[in-house]
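Letter by letter, the chains look like this.
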Amino acid sequence: MNSTMWPHGRGRQEPPWTEPVLNEAWRGHHFGGSDDSTLGVDAALLHFASAADQPLLVVSRPQETTEIARVRWANTAAADLFGVDAHHLVDLAVTRLLEPQGPGERLARERRSRYAVDAVTSGGDVRHTEVVAWPVPERAGIAGRSEHFWVLAIVLPEDERAQAALRAAEERFATLAQSSPVPTIVSDVGARLSRVNDAFAQLMGLPAEELCGTGWLTHVLDDERVGVVEGIAKVLAGEKVVLDTRLRNAAGQVRWVTVRLAPSRTPGYGAGFIGTVEDVTDRLAREHRLAYQAQHDLLTGLPNRLALLERLADLLALPGQAPGQGENVGVLMVDLDDFKTVNDGLGPEAGDAVLVEIARRLARTVRTGDMVARPGGDEFVLVCADMADLDAVQATARRVLDAVLAPVEVNGLRLRLVASIGVVLLDGLTCSAEEVVRDAGIAVHEAKAAGGGRWTLLDEDVRQRARRSLRLVADLREALATGGVDVHYQPIVRPGRPAQLLSLEALCRWTHPELGPIPPQSFIELAERANLVPALDAHVLAVACRDLADWRAAHAAGELPTSPDYVAVNVSAVSLAADGFAAGVRRVMSAAGLHPSDICLEVTETALASDLRACRTVLEELRAEGTRVAIDDFGTGYSSLAYLKDLPVDHLKVDRSFVRDLRTDGDGPSGGPARAVAAAVVSLARTLGLGIVAEGVETFEQDAVITDLGCEAVQGYLYSRPLTRQGLVEVLRAGGELHPQPVVPTPREVTA
Amino acid sequence: MSEPTVGNVSTAPPGAVEVLGRISAALDDLPAHRPVAAKVIAEADSMKSDAKSLGRTLSYDPALTAKVLRLANSAYFGLSGRVSQPPFAVTVVGFATVRSLAVSAMAGLDEVPEALAGFWDRSVLTAVAAAEFAPRLRTQAPDAFSVGLLARLGQALLVRCDPVEYPRMLAEAADREELLAAENRRYGAVHTRVSAEALAAWAFPDDLSQALAQVDRPGFSTPLATCVRLGVELSERILDPARPPRSAEQLSAGHVRDAEVDSLRAGVTRTAAELVQLLSS
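Protein chains in written order, with this note's numbering: chain V, 1 to 752; chain C, 1 to 281.
Isolated chain V, as found in the complex (with noise of 0.2 Å):
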């Protein structure tokens, strides 16, 4: 710095107002003295500077003149560098020694300097330093007053290896940045980045340029910057800072980043901070995934019932909150009706889709907050806030029937599907989040039961009977196992006075141990309901074997004077349907020494048209051996005629309903529309080759229009109720003969 600009220098005596201990020293010694404390003074400071490990040059050059400084004085290290004497310094010029970069030398009076040089040495070699300039300040009665000095101090090649060294550690550093696939920021001031790496212009999608300064916090969500800013002052303030925020990067993506910021402080110069940011938005998709796939059915995308119970189960834990939190809510369940039929029918593809669908309307009928779950299979389960009064619950359910009934297409087929509904309302209940859900299953099969297509509340009267009907189910299924069923049996007779047995029927009966004789109509649907159906089935056919093959040996054997032609056994489609169904009657009948001819199946011609195909090859299979088939409730199911030709049958079984309306008077035993449709029946029966019983007689007019049609056998209490084994073998000893009477009426049984 050239001060020649100010006018004599500027002549103050003291040196710069910054450096005053330096003043004191001045001022305080005494030059030229001769006491032995200031020669002491002076010999120390100048051995210090001979000695000293800094090359030092002393230069001066006269006042007042243009002339370029001399050397006056070198130390030893000075020596050293430039390769010569210390004394072969003297008197050359500085700046032979000391070339500046730039013009001019750079010694100033008034306050010491500091320049760019080129020290060159004896040998040739040029090495770049610096040096700094210590003026002398003037002071009257010092040996060369008519001349400037100063004192060269010449930064040490050493120290310019170090500070090279700390440069290429920085370069290095940088470089290590740059190329780092970790993006890194690093900062300026305050927010604003100086230099950010390649990583993190790529993973912003923009150039490095546009995010230095402030122009990175731009690309923070809106929601986020506050975070961000206060992660910021907090490193600034010198603490490591973690912190999960979101970026919006060029394309206008949204990345999820975890960006961690280190303070870095550079002393004299001020606190800042280095960050890497990690786009963690791909790895936390992954657990969002598989947290989502936990908690979701994945066919329909509902929650799943593990979601479901988790919702219950904070909704039953908030007893008395505020209103709109666990009060007046109620959990329907929804069962589809005739979904099996269905999924059997079209395929498991078309029942996914089904499901599909319906889940997408039921999402519309419920608002936001409530949820729609898919606990499995066919049911879904919808958690409704604000359902305060039944007409509340009866909407939400109608809306929901009418979102079911509604035409599904799939496959080109428009199916009507409809639903069933249970409610159970959570309003002051205790109970964990399962028995709420069970209690809605059984609330389904009340409506089930009901008809289906409806919806039942779940109240204290549907879970006691609910309740009574799992016990009796209980109760059948230990009845069936120890043998507490039983078998009755009804004649069938050929009509006359007296009529002739010529077969049974095989009818269950069950007495209750606490409630009595239960109504088979009852005890059959409650095996339906408990899959017990084939078990009853076929432990009927199992004592019915049993019996008519000791009525036999007793026959045989002279005890009785005849037995039953055959003994007719019900069998359920689902029974026919099940495996090995065809084996079991095949043992059970060699297991009692009898013949296929000695059992008749009786199937009901709605469950005949229901599983046709698989019915068929059983019956068709046992048929062929011999066993009798007999379609059951003729006239009550929905099967074409067509297929009558072709069924493996060998009689009819006219339904009680047929014989009900026939009547002598009035129309003559020759007129009447039910003696028209009994006629018909009976004449395709003969046309086919078919046997024919009427079942339901119990009047004498019945049985006289019934045998004037020509009916062979005849079923009903006209002739005879169904019997125990011991009143049966009364008949029997009676040769089998009955003799009609007219009903009277029983009081009705006790209902379960």
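Hints should not be assumed to be uniformly reliable.
Output of the computed footprint for chain V on chain C, the stretches with three or more beta carbons under 8 Å from beta carbons of chain V [as the list claims (entries may be wrong)]:
(1) 78-84
(2) 92-99
(3) 134-143
Simulated from the structure, these hints should not be mistaken for lab results.
We treat Cβ as the ideally placed atom computed from N, Cα and C, and that holds for glycine.
Following the hints, position chain C against chain V.
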């Protein structure tokens, strides 16, 4: 502009001798009037000081502290509203800028004289612009900012020490180049040189004061000086559209092109506007 030659004899025209003498005296006197600012300057360069100690020193000058706090809360530093303590404010704006603000305070720029109306506009524009060029020229943006802020410091000193003539020169000069020529004629030196001398006298780091000295001197200039040069040029282009612009390629020895300079106009103007408001209130 003639380069003063080596030697004691001043080449300054006779009329300016007195002015320069006054400036010289002012450089010594002013610190006494704002001792805290002076201490801040000394401490800001010291290896021993940290934000806490500097913040503590700073807080003894409420006006200066207020300025630093306002600046720290500006959008420029990205921490808007979160800075309430002086030590933290020092951290946020950086030592260099704190030092520049202290120098401005010391030079009596708390109240900008009428002759220097628009001082802060120009200075802040220069500072922001200089910081923009820093990465391109591989130098530190905070240094460029803080030096840019002080480029026109010399004008304040000249107004103070030549109260009649200098304001007239300011008013009459059509653009900066005319002003520089007039300054040279009258004082034998330009105001940026005066700024540099002031910084040197007040013990700023050598490279900073040297950079200022090189701004309006042709020839070799450090990257920092080039940043400030370009900052000055951009500030002039923004504030004085009628002035014929100087070539950026020439000013930066080919490192920066005119197109680059012009592309920064809008951003720099916007950024500077907020800062000017904070610093001149």
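Verification of the supplied hints:
| no. | hint | in the structure |
| --- | --- | --- |
| 1 | 78-84 | holds (count 5) |
| 2 | 92-99 | holds (count 6) |
| 3 | 134-143 | holds (count 4) |
This entry satisfies every hint, going by the numbered hints stated previously.
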